Amino acid sequence: MRFPVNLGFHRIIYHRLLLPGEKSYGDGDEFTGGPPKRPSWYTVILHIAIVALAVLFITVSTLYLQLLREGAPRPLLTCGKSVEEARRTGCSFDVLTKTWLPAACPRHYEQEFLQFPSTRNMTDWKYWSDAAATKEITDEEMALIAQFRPGPKPLWVSTMRMHLAHCAFGLMRRSVSMDAGERVDLAMAPLSHAKHCIEMLFDAAMLAPGIDEPLAQGGVIFGAC
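First residue of the sequence shown: 101, per our numbering; consecutive thereafter.
One should not assume that every hint holds.
[To be verified] For lysine to any residue, the following SDA-like pairs were computed, each having C-alpha atoms within a straight-line distance of at most 25 Å:
| id | residue 1 | residue 2 |
| --- | --- | --- |
| 1 | Lys226 | Ala204 |
| 2 | Lys226 | His293 |
| 3 | Lys181 | Asp279 |
| 4 | Lys198 | Trp141 |
| 5 | Lys181 | Ala203 |
| 6 | Lys181 | Pro202 |
| 7 | Lys295 | Leu214 |
[Said to hold, decoys possible] Label pairs and their in silico Cβ distance ranges:
| id | residue 1 | residue 2 | range |
| --- | --- | --- | --- |
| 8 | Phe157 | Ser258 | 54 to 64 Å |
| 9 | Asp312 | Thr189 | 46 to 56 Å |
| 10 | Phe322 | Ser182 | 13 to 23 Å |
| 11 | Leu301 | Asp279 | 29 to 39 Å |
| 12 | Thr223 | Leu307 | 21 to 31 Å |
| 13 | Arg187 | Phe302 | 34 to 44 Å |
| 14 | Thr178 | Gln215 | 40 to 50 Å |
| 15 | Pro290 | Leu146 | 53 to 63 Å |
| 16 | Thr189 | Leu146 | 14 to 24 Å |
| 17 | Thr223 | Ser182 | 30 to 40 Å |
| 18 | Leu307 | Ala280 | 52 to 62 Å |
| 19 | Thr159 | Asp312 | 56 to 66 Å |
Keep in mind that the hints were calculated from the coordinates and are not lab data. Quick caveat, the model's predicted, so the values are computed rather than measured. Glycine included, every Cβ here is placed at the ideal spot set by N, Cα and C.
Kindly produce the complete structure, drawing on both the sequences and the hints.
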């Protein structure tokens with residue numbers, strides 16, 4: 101569309117730039133339109149609402165899928181039935197529980213268990229392959245026992261001190277793993293084993309000297325559960 105402007109002897113014609121889809125007017129055409137219409141507030145609000153609903157839908161869907169994954173039962177990871185198969189699947193021997201465990205199983209407190217004897221002026225934990233404690237075996241040799249001596253009968257013996265330490269560190273591993281939502285190995289997971297260990301620790305504690313002395317201190321609070 102052209103706009104004629106008279107400036108003295110000269111007549112200058114300006115051409116306005118056309119917007120996409122806008123009709124071009126000739127010299128004889130009558131211009132009846134005004135400036136291009138702007139979107140109404142209703143249209144703007146509608147677009148914002150659509151975008152907000154889309155973002156909300158994506159967020160809720162993502163959280164829902166995450167909850168489904170977290171709530172789904174984890175597949176059981178195993179180490180097979182031989183040392184060769186266990187090693188092939190990435191398992192290794194856990195000295196705290198005396199079991200072969202997959203790499204994904206947490207090993208909390210294994211190192212603390214191994215280092216504990218040094219805090220009591222001991223070299224390390226002692227194990228024997230017979231009840232008479234005549235043939236001492238190492239951790240590496242113990243790891244092979246399951247393959248060469250299968251069955252429910254005892255495969256090794258050790259001291260009661262080692263048994264109590266196994267229970268204490270094992271219960272701590274169980275507690276930390278469950279609190280963090282991690283996997284718990286099948287040696288420590290059963291409630292029956294946890295109860296057994298608690299009873300072992302309790303019985304040993306009741307025989308400790310000085311337990312009747314007024315040394316325990318505590319407070320009183322308003323609790324919750």
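So, going through the hints one by one against the coordinates:
{"no.": "1", "hint": "Lys226 to Ala204", "verdict": "violated (28 Å)"}
{"no.": "2", "hint": "Lys226 to His293", "verdict": "holds (22 Å)"}
{"no.": "3", "hint": "Lys181 to Asp279", "verdict": "violated (30 Å)"}
{"no.": "4", "hint": "Lys198 to Trp141", "verdict": "violated (72 Å)"}
{"no.": "5", "hint": "Lys181 to Ala203", "verdict": "holds (16 Å)"}
{"no.": "6", "hint": "Lys181 to Pro202", "verdict": "holds (13 Å)"}
{"no.": "7", "hint": "Lys295 to Leu214", "verdict": "holds (23 Å)"}
{"no.": "8", "hint": "Phe157 to Ser258: 54 to 64 Å", "verdict": "holds (59 Å)"}
{"no.": "9", "hint": "Asp312 to Thr189: 46 to 56 Å", "verdict": "holds (52 Å)"}
{"no.": "10", "hint": "Phe322 to Ser182: 13 to 23 Å", "verdict": "violated (56 Å)"}
{"no.": "11", "hint": "Leu301 to Asp279: 29 to 39 Å", "verdict": "violated (19 Å)"}
{"no.": "12", "hint": "Thr223 to Leu307: 21 to 31 Å", "verdict": "holds (26 Å)"}
{"no.": "13", "hint": "Arg187 to Phe302: 34 to 44 Å", "verdict": "holds (38 Å)"}
{"no.": "14", "hint": "Thr178 to Gln215: 40 to 50 Å", "verdict": "violated (29 Å)"}
{"no.": "15", "hint": "Pro290 to Leu146: 53 to 63 Å", "verdict": "holds (59 Å)"}
{"no.": "16", "hint": "Thr189 to Leu146: 14 to 24 Å", "verdict": "violated (57 Å)"}
{"no.": "17", "hint": "Thr223 to Ser182: 30 to 40 Å", "verdict": "holds (31 Å)"}
{"no.": "18", "hint": "Leu307 to Ala280: 52 to 62 Å", "verdict": "violated (34 Å)"}
{"no.": "19", "hint": "Thr159 to Asp312: 56 to 66 Å", "verdict": "holds (60 Å)"}
Violated hints, in rising order: 1, 3, 4, 10, 11, 14, 16 and 18; the structure is consistent with all others.
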